[in-house]
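Chemist: Residues per chain, in single letters:
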Amino acid sequence: MGKSLFEKVWDAHAVRQLANGQTQLLIGTHLIHEVTSPQAFGMLRDRDLKVQYPHRTFATVDHIVPTNEAVEPYSDPLAQGMIEELRKNCAENNVTFFDTNTGKQGVVHIVGPEQGITQPGTTIACGDSHTATHGAFGAIAFGIGTSQVRDVLATQTIALNKLKVRRINVNGTLPPGVYAKDVILHIIRLLGTQGGTGFAYEYAGTTFDNFTMEERMTVCNMSIEGGARVGYVNPDDTTFEYLKGRPYSPKGTAWEAAVEQWKSFASDDDCTFDDVVDIDASQIQPTVTWGITPGQGVGIEENIPTVADAPTQSERDSVAEALEYMQFEGGSPIKGKKIDVAFIGSCTNGRLSDFQEVAKYVKGHKVAEGVQAIVVPGSQVVAKIAEELGLDKIYIEAGFEWRAAGCSMCLAMNPDKLIGDQLCASSSNRNFKGRQGSPTGRTMLMSPLMVAAAAVTGQVSDAREVFGFASANA
Amino acid sequence: MPATPIKQVTGKGVFVPGDDIDTDRIIPARFMKCITFDGLGDYLFYDVRKTESGEDKKHNLNDPRFAGASILVSGNNFGCGSSREHAPQSILRAGYSAVIAGSFAEIFFGNSTNLGVVCVIASDADRASIAQAIEANPEIELTIDIEDHKIWFGDQSVPCDIKPGARDSLLSGNYDPLDELLEGAGDVAKTAGALPYMQA
Chain A
0 MGKSLFEKVW DAHAVRQLAN GQTQLLIGTH LIHEVTSPQA FGMLRDRDLK
50 VQYPHRTFAT VDHIVPTNEA VEPYSDPLAQ GMIEELRKNC AENNVTFFDT
100 NTGKQGVVHI VGPEQGITQP GTTIACGDSH TATHGAFGAI AFGIGTSQVR
150 DVLATQTIAL NKLKVRRINV NGTLPPGVYA KDVILHIIRL LGTQGGTGFA
200 YEYAGTTFDN FTMEERMTVC NMSIEGGARV GYVNPDDTTF EYLKGRPYSP
250 KGTAWEAAVE QWKSFASDDD CTFDDVVDID ASQIQPTVTW GITPGQGVGI
300 EENIPTVADA PTQSERDSVA EALEYMQFEG GSPIKGKKID VAFIGSCTNG
350 RLSDFQEVAK YVKGHKVAEG VQAIVVPGSQ VVAKIAEELG LDKIYIEAGF
400 EWRAAGCSMC LAMNPDKLIG DQLCASSSNR NFKGRQGSPT GRTMLMSPLM
450 VAAAAVTGQV SDAREVFGFA SANA
Chain B
0 MPATPIKQVT GKGVFVPGDD IDTDRIIPAR FMKCITFDGL GDYLFYDVRK
50 TESGEDKKHN LNDPRFAGAS ILVSGNNFGC GSSREHAPQS ILRAGYSAVI
100 AGSFAEIFFG NSTNLGVVCV IASDADRASI AQAIEANPEI ELTIDIEDHK
150 IWFGDQSVPC DIKPGARDSL LSGNYDPLDE LLEGAGDVAK TAGALPYMQA
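If you read the sequences in order, they're chains A and B.
Numbering of the first sequence is given in numbering that gives the first Met the number 0, commencing with residue 0 and proceeding in unit increments.
Numbering of the second sequence is given in numbering that gives the first Met the number 0, commencing with residue 0 and proceeding in unit increments.
Worth flagging that the hints you see were computed from the coordinates, not collected in a lab.
The beta-carbon is built from N, C-alpha and C at its ideal position, and this holds for glycine as well.
Any given hint could be a false lead.
[What the hints assert, rightly or not] Under the rule of at most 25 Å between Cα atoms (straight-line distance), these lysine-lysine pairs were calculated in the DSS-like manner: (1) B:K56 <-> A:K416; (2) B:K11 <-> B:K189; (3) A:K87 <-> A:K103; (4) A:K2 <-> B:K57; (5) B:K56 <-> B:K11; (6) B:K49 <-> A:K416; (7) A:K416 <-> A:K337; (8) A:K416 <-> A:K365; (9) A:K103 <-> B:K32; (10) A:K161 <-> A:K7; (11) B:K32 <-> A:K416; (12) A:K365 <-> A:K337; (13) B:K189 <-> A:K49; (14) A:K359 <-> A:K334; (15) A:K103 <-> A:K392; (16) A:K365 <-> A:K383; (17) A:K262 <-> B:K11; (18) A:K49 <-> A:K7; (19) A:K161 <-> B:K189; (20) B:K49 <-> B:K11; (21) A:K7 <-> B:K32; (22) A:K87 <-> B:K56.
[Said to hold, decoys possible] Derived DEER-like restraints, expressed as beta-carbon distance ranges: (23) B:G53 <-> A:A256: 55 to 63 Å; (24) A:T205 <-> B:P158: 40 to 48 Å; (25) A:G335 <-> B:T142: 50 to 58 Å; (26) A:A90 <-> B:D144: 44 to 52 Å; (27) A:A253 <-> B:K56: 57 to 65 Å; (28) A:A90 <-> B:Q155: 42 to 50 Å; (29) B:S128 <-> A:H54: 48 to 56 Å; (30) A:E400 <-> B:K49: 29 to 37 Å; (31) A:E396 <-> B:A193: 53 to 61 Å; (32) A:T305 <-> B:E51: 24 to 32 Å; (33) B:P158 <-> A:Q312: 16 to 24 Å; (34) B:D41 <-> A:Q312: 31 to 39 Å.
Given only the sequences and the hints, what does the whole structure look like? Please build it.
Modeler: The following block contains the structure:
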């Protein structure tokens, strides 16, 4: 019987079994950033240990970087301290650091792929739950805690329980105006925020076959929002084409050998999965979250659910809590909710293709009065190419602020924050209470084009109508 | 060096209701601007406990009746969201040694176990009974018996569940895996040697 990619990669990286039954798993690529690594380096120093495989560790700075302040020292001394700590730790341990002066700095999950560090058939770990993003390349990529960052630095391994695999087949063509972001919001709505606990998600089907790498990354990125620590797509020609010629991709004869090996990691046709879910792409609508978990989403034409709609008491409690926090009335349309802030960026939707797609439509439109709209490229590389293409000018002309690379208002560890109970249309990945920096701030997750539609109309809108898609509501 | 085995956890409890309590709620991101975990206990559930001007809100975690509690009782999918170890670190540093929930998000569960913070699963009905007992008598002592899969409160007990690997680790005192991982260095080199991309 055949094996899944997950099993093949797991087996190739399993070092040995530990006393408690867990596996000691080799982590091929370790990505680190300024928030979850300093304590790990501290623990290493306390025990007089060194970084075991420094050539397999790569660092960048993303969470705390201001996007409107280039010169150091930053106005926030805590942020300045964190970037300096990372510089020191990388220098002392011979770790490659994509610092702000390299032209390569950015959100860790955007930097890894664009540098060609993220490769099929590998294991990748990072102290950030959105590490699942790298699964788009057919890697098994885990978000880990800081003690595990320490473990990887010291041993290049972590102790882990093997996961089950759920295959999620999405077949067919997405309607115009429906994007990869809508696919993952739809999946999480369907399977729940804890539906993926104990599973790796294998995303497959013709929709994924036709997706670009950037679209695959958007979906894999939010696997954790569905409770799955790992999400991946089998590598194919799209994957290899994306990687060819990137700075860290294999070169010359090594390239051909690598591609052959990468292909061998794909799931076998006759492998069995622990669970299989089938989804029809044509049924997916532009999706917007109305609540305080990424699973609380509805199609743009739908109404926000009522408390009474929920089947169990605990779900009724959750809906009531979400409605109260969001200041929404159950049963009212999602469309038309007035927004204060619009954010396009993050490791979910801060890639070049996101900015290109939105720029095609916002040209000739203006951000509505009273709305603050910010655009944050995911990396310095993305920013540079976008600026070479003149995208920055299109956004600025339309009334958006064009910023420097970073995580920004996804989690608001830098100065970009909601104020009071502002409502934000956001292309990021989490709508938790207080997520965007204000304890009462409210977040609605949606695709970048839906964020742009909200920005120019000042309210949650159907991007297909706002931007004149021929087959709106088809 | 194994730590002291953890077979039981005993202490006062406090009920923090709600499902999907995410790590942003356990410790908001703005308090992660730090390079050590020291002092994170002060920010546990900060936005749930405090107003924007820093005054206490009405909340069980601020209620003097539950002062000194060391076991948190909560809902389903506790610890979802970010992989930040800051969350279990803030729980530990605020004086808690265990969480009883309906279920746990995976990364949070792993992070907590590595720190020796005991995470056990109990049913909705059983957690409601525990919460009721705490409310009726905040001084009541809870005991989580990991060996016996039981939670005692007063003279009542309910069953609880914990992943077998985590249970073994806690009972043997080997919940921090670093020493065992270091012992595998020779095998690690062998596994790495067979993977072309691992070569320098």
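Chemist: Quick one, are K189 (chain B) and K49 (chain A) close enough, alpha carbons at most 25 Å?
Modeler: holds, 19 Å
Chemist: Does K103 (chain A) lie within 25 Å of K87 (chain A) when you go C-alpha to C-alpha?
Modeler: The given pair, whose Cα atoms are some 18 Å apart, holds under the 25 Å limit.
Chemist: Would you say the C-beta atoms of A253 (chain A) and K56 (chain B) sit inside 57 to 65 Å of each other?
Modeler: holds, 59 Å
Chemist: Please verify whether K11 (chain B) and K189 (chain B) have alpha carbons no more than 25 Å apart.
Modeler: With Cα atoms ~49 Å apart, K11 (chain B) and K189 (chain B) exceed 25 Å; violated.
Chemist: Could you see if the CB distance from G335 (chain A) to T142 (chain B) stays within 50 to 58 Å?
Modeler: Given about 53 Å between the Cβ atoms, the range holds.
Chemist: With respect to the beta-carbon atoms only, verify the hint that A90 (chain A) and D144 (chain B) lie 44 to 52 Å apart.
Modeler: holds, 49 Å
Chemist: Is the distance from the Cβ of T205 (chain A) to the Cβ of P158 (chain B) consistent with 40 to 48 Å?
Modeler: With Cβ atoms ~46 Å apart, the hint holds.
Chemist: Given the hinted pair K161 (chain A) and K7 (chain A), is their Cα-Cα distance within 25 Å?
Modeler: Holds - the C-alpha atoms of K7 (chain A) and K161 (chain A) are around 12 Å apart, at most 25 Å.
Chemist: Between the alpha carbons of K365 (chain A) and K383 (chain A), is the straight-line distance 25 Å or under?
Modeler: holds, 24 Å
Chemist: Would the hint linking K416 (chain A) and K337 (chain A) be met if the CA-CA limit is 25 Å?
Modeler: OK: K416 (chain A) and K337 (chain A) at ~18 Å, within 25 Å.
Chemist: Could you grab the alpha-carbon distance between K87 (chain A) and K56 (chain B) and see if it respects the 25 Å cut-off?
Modeler: This hinted pair is violated, its Cα atoms lying about 41 Å apart.
Chemist: Given the range 31 to 39 Å, decide if the beta-carbon distance of D41 (chain B) to Q312 (chain A) lies inside it.
Modeler: holds, 34 Å
In this structure, the hints that do not hold are numbers 2, 4, 17, 18, 21, 22, 28, in rising order.
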